[in-house]
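**Student:** Residue-level listing of the chains:
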Amino acid sequence: MNQVIELLKQLRQAAVEKGLKALITYHEEDSYLMRFANSAISLNTNEHLISLDFIAFDGNKKVSYSMIADPSDIKSMEKGLDILAEMLPHAQPLSYDPTFPVYQKDVVDERSYDPALAALTNEERLAYFNTLAEGLENDDVRLSGIFSNGVTTTAQISTANEHTQYFRSTDAQVTAVLSSESLKWEVNAEQSAQKKSDLDAQGLHDDLTLLVHHYTQDQSVQLPVGKYTVVLGPAATAELTNSMTMYGMNGAALKQGYSFLKEENMGELLFSEKVSLSDDPREAEIFGEKADRFGLERKPFPLISEGRFQTFMWDQDSADEFDQEPTGHDVNHASLVMEGGEKALGSLKELLEMPRDEDILYVPYIHYMNVVNPTQGMVTGSSRFGALYLKKDGSVQVPYNVRLTQKFSDFFGERLQWLSQEQVAYNVSSSYGRRNPTALKVPRFLCVKEIEVSHSNPSY
Amino acid sequence: MKDSIRKLIDQLHAKGAHYVDARWYPHEDSNFLFMWNGNLKENNASSQSGLGVRVLYNGAWGFSASSDLSNLGAIFEKAFDNARIASERVTFPIRLAEKEAIVGSFESPNEIDPFTIGLDEKVAFLKKMDAALDQPGVVQRISVVEFVRKQIIFMDSEGSDIEKNIIEVFPSIHAMGVDKDGGMQRLKYLPGRTGPTRGWESIDEADFLKNADRLVSDLNQLLVAEDAPNGKMSVILLPGIMFLQTHETIGHALELDRILGYELSFAGGSFVRLEDFGKLRYGSEKLTARANALEPNSPGSFGYDDDGVPAQDNLLIDKGILVGAITGRQMVEEANAKARKQIFDGSSGANRATSFYRVPIERMTNINIDPGTDGNLEDIVAKTERGLVLDGDKSWSIGSNREQFHFACDIGWLVEDGQKKQMVKNPTYRGETLPFYNSLTGVGDESTWHVHYVENCGKGAPNQIMQLGHGVPICRFDNVQVGE
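As they're listed, the protein sequences go chains A and B. Each residue of the first sequence is one higher than the one before, counting from 1 in this note's numbering. Each residue of the second sequence is one higher than the one before, counting from 1001 in this note's numbering.
In short, the hints are calculated from the structure, not lab data. Incorrect hints may appear among the rest.
What the hints assert, rightly or not - Derived pair list, reagent style DSS-like, types lysine-lysine, alpha-carbon separation capped at 27 Å:
| # | chain 1 | residue 1 | chain 2 | residue 2 |
| --- | --- | --- | --- | --- |
| 1 | B | 1007 | B | 1188 |
| 2 | B | 1128 | A | 61 |
| 3 | A | 255 | B | 1188 |
| 4 | A | 195 | B | 1180 |
| 5 | A | 255 | B | 1127 |
| 6 | A | 184 | B | 1279 |
| 7 | B | 1420 | A | 18 |
| 8 | B | 1128 | A | 255 |
| 9 | A | 79 | B | 1164 |
| 10 | B | 1041 | A | 79 |
| 11 | B | 1180 | A | 255 |
| 12 | B | 1232 | A | 407 |
| 13 | A | 407 | B | 1188 |
| 14 | A | 21 | B | 1180 |
| 15 | B | 1180 | A | 262 |
| 16 | B | 1338 | A | 75 |
| 17 | A | 255 | B | 1286 |
| 18 | A | 184 | B | 1188 |
| 19 | A | 61 | B | 1127 |
| 20 | A | 18 | A | 227 |
| 21 | A | 407 | B | 1341 |
| 22 | B | 1041 | A | 61 |
| 23 | A | 262 | B | 1041 |
| 24 | B | 1164 | A | 227 |
| 25 | A | 79 | B | 1210 |
| 26 | A | 262 | B | 1232 |
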């Protein structure tokens, strides 16, 4: 930590000497990714990258410069400040005054950092995959997947004073896929980890064993299009929740006309009373951080309380532009938590064994979800990775992938039947660009009726 | 620096590495300017430099990259160690297709380096676009320019030594308004690549101003338009959506790593099987598609790929029959071995990495549809009984094996009895890939064809964003489900 803080103070001093009013952000990632395909390690990679972001302010002017830096070359880092100084006079004034961050205290947050996960070796990553796949592969059923883990360090300083903010976290994201080369079915098991002790290869092995059993033993079917009672798995629920929050509850999206929610909706019962959703930075497991980039303390922030939409999240720049109070959401990721419900279901096995009085379509994962119409909150995507059709007579069928095109309110509104008590962390980190560990905590299962299947594949 | 890299490549080769390559980016600069309703919300410059090393050892890849160049040897050693561990789980030992070791260079064609243009001039362009869009009916205006300049040095243990200097320019304008039902409608203009170069000079201000007026006019009609219909009918796809149709259901479906199952844990596979090459009827006889990395003005043209293989122009689909794929050196060897016959005659030169810190994978170049003989839009509409003319990519969702898809478009027009009628809003269509392409009944001529660039194609784990292009004509497909 000291080295990072020292570097920031050195760069701050250089900025002050150049007469710049600036925010300097440090990002370091030490990333490891073991990728599997066709039952082999198809790629074993690591990247160690240090990035710096500089933002310079001058009244209502603002410019930024980013660089992937060579830490041994301080001169090239300082050149970034020179470039900012060159750009600033040519910047176009904004119609509002952007806030310049003035940190009131030092912040150090390493709650999400686990030295044991940080030190994970190549051998351990390989052993984990060997365990989860043990006995499940053959000439036709092949293993794919990723074991991605790393350490992410971010830190900030502004030229206003010498206070710094420092955050460090470890994360792992595991996806294991077993697929039939001849039939093209795919099942998967996933895990999000923040510390080494979260890693549970045997648990993934058990999930895969169960799914492979059904995919090899049970009848496959092309479901007729129409309405189904659907149980979503954590991947599907997390993806929908993340997307709904991003499009619906973000102040910038509201002002830009892309939210399906309006300001007058605040306080209204728009969702099922069973749904409570918040951004909770107290949760280290989902990489909560104590402060945002402008030094605002982050606190639990209710978005939906027992079905009532509460309010929008405002990052600093949007708050400045639209004359709103910032809500501590100038962050790389929120830490969303959807509360569990009353259904005591802790595993897929229990879901399969649950007595049922109707047919249920289990959709663990929604592939390639996209927003068809943001102002209607309409999304579409296809089932993938281990969908099952649980017949009310107790039998199980394997459905070919189906397409669901529905509104967020269809999933989280009055059609919602129940949520499982148990919640799980699901990692939704994008590996585009910089490492940014992001996870949601969601109920393991969510049941919703009358979900329309608009297209059904005729085969795998 | 190059001498040090060469020495380290040779050292690892001598230590038992079957193959080693290194990509050194002395610099990659970008400049992103984003104006929203007159406010220059993003005024960002960025730079990066570093080294990525790939090692093939005992049939397995290891890769390592760093921006810290103070200890080059450590990057090579880490890549070697990563390969050593990977070689403990090998099912098909990686082999690389033959290639010639090339000592050469590539410069993307441009007359004016956009990094020599002052910020004032760039901002002035955006302000002019913003003013042009600032008209009644428009509630949100966006003008964007992005410039990229990179130098890449590629060296490998087979003797290749290639330098690439590439410049890209990505301008666009967008206009948004609230329709009569309270929905946000958005129209955009990304210029087709018509000139021979891709520098600052490729931004044609007069063309942008003309299209800004067109956008505003179309938007105001769209704001009072009715919803697109639901049902089965013909769709006539203009290049603004045909490029994406091609991208998602020909381009990605024909990436050989997807076909061989190397993307199953993330992006997905492909419905195409090795035995399909040479005989699968992918589309009607009107469909001829190619991967042409030689288009001079497109980001899908790069001289040499990141295996050091020269860029090429290869047929993918010939009069409806599947004949080729998007390939790199590794995958063609594996495909030929698995198929127990020679399907692919060497790499098609399409293995690319987005940056020094990512490993090269099969990426689209310029996946183009050849122009046809069915005339222009008016000619195609005249032969259409009932349908929709569609343009603009609004949303896209594709099945994991690229076997089916759902697209929403920015704008549509009804076609009835050979006449283009009123505009409609919120059009969507969906289909299954093979039946869809087999329902291709009209392909526009050369006058309807242009190269549409894509600056944000995502693939791989860790994920990579790639730039490429699609040269496509207007196409008509019959009996398509619309409106869901």
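**Student:** If a hint holds in the structure, say so; if it doesn't, say that too.
**Tutor:** Going down the list of hints, with the structure as the test:
The hinted pair formed by residue 1007 of chain B and residue 1188 of chain B fails the criterion: a straight-line CA distance of about 50 Å is larger than 27 Å. Taking the CA atoms of residue 1128 of chain B and residue 61 of chain A, the gap is about 19 Å. The hint holds against a cut of 27 Å. Between residue 255 of chain A and residue 1188 of chain B the alpha-carbon distance is near 19 Å, which keeps this suggested pair within the 27 Å criterion. Between the alpha carbons of residue 195 of chain A and residue 1180 of chain B the distance comes to roughly 51 Å, so the proposed pair goes past 27 Å and is violated.
At roughly 21 Å between alpha-carbon atoms, residue 255 of chain A and residue 1127 of chain B fall within 27 Å of each other, so this suggested pair holds. Under the criterion of a C-alpha separation no larger than 27 Å, the hint pairing residue 184 of chain A with residue 1279 of chain B is consistent with the structure, at around 20 Å. Proposed proximity of residue 1420 of chain B and residue 18 of chain A is contradicted: the alpha carbons are some 62 Å apart, above 27 Å. Restraint check: the Cα-Cα separation between residue 1128 of chain B and residue 255 of chain A comes to about 24 Å, which is no more than 27 Å; the hinted pair holds.
A C-alpha spacing of about 25 Å is found between residue 79 of chain A and residue 1164 of chain B, which places the hinted pair at or below 27 Å, so the restraint holds. Proposed proximity of residue 1041 of chain B and residue 79 of chain A is supported: the alpha carbons are some 23 Å apart, at most 27 Å. Distance restraint check for residue 1180 of chain B and residue 255 of chain A: the Cα-Cα separation of roughly 18 Å lies within the 27 Å cut-off, and the hinted pair is therefore satisfied. About 23 Å separates the Cα atoms of residue 1232 of chain B and residue 407 of chain A, which keeps this hinted pair within 27 Å; it holds.
Proposed proximity of residue 407 of chain A and residue 1188 of chain B is supported: the alpha carbons are some 25 Å apart, at most 27 Å. With a C-alpha separation of about 45 Å, the suggested pair residue 21 of chain A and residue 1180 of chain B falls outside the 27 Å cut-off, and the hint is violated. Of the pairs offered as hints, the one joining residue 1180 of chain B and residue 262 of chain A holds, with about 16 Å between alpha carbons and a cut-off of 27 Å not exceeded. The suggested pairing of residue 1338 of chain B with residue 75 of chain A is violated, with an alpha-carbon distance near 52 Å, which exceeds 27 Å.
Distance check on the hinted pair: residue 255 of chain A and residue 1286 of chain B sit about 46 Å apart at the alpha-carbon level, beyond 27 Å; violated. The straight-line distance between the Cα atoms of residue 184 of chain A and residue 1188 of chain B is roughly 38 Å, outside the 27 Å bound, and the hint therefore fails. For the hint pairing residue 61 of chain A with residue 1127 of chain B, the CA-to-CA distance comes to about 15 Å; that is within 27 Å, so the pair holds. Between the alpha carbons of residue 18 of chain A and residue 227 of chain A the distance comes to roughly 65 Å, so the proposed pair goes past 27 Å and is violated.
A hinted pair counts as satisfied when its Cα atoms are at most 27 Å apart, and residue 407 of chain A with residue 1341 of chain B does not qualify at roughly 49 Å. Distance check on the hinted pair: residue 1041 of chain B and residue 61 of chain A sit about 10 Å apart at the alpha-carbon level, within 27 Å; holds. Taking the CA atoms of residue 262 of chain A and residue 1041 of chain B, the gap is about 23 Å. The hint holds against a cut of 27 Å. Distance check on the hinted pair: residue 1164 of chain B and residue 227 of chain A sit about 55 Å apart at the alpha-carbon level, beyond 27 Å; violated.
At roughly 40 Å between alpha-carbon atoms, residue 79 of chain A and residue 1210 of chain B are farther apart than 27 Å, so this suggested pair is violated. Among the hinted pairs, residue 262 of chain A with residue 1232 of chain B is inconsistent with the structure: their alpha-carbon atoms are about 35 Å apart, more than 27 Å.
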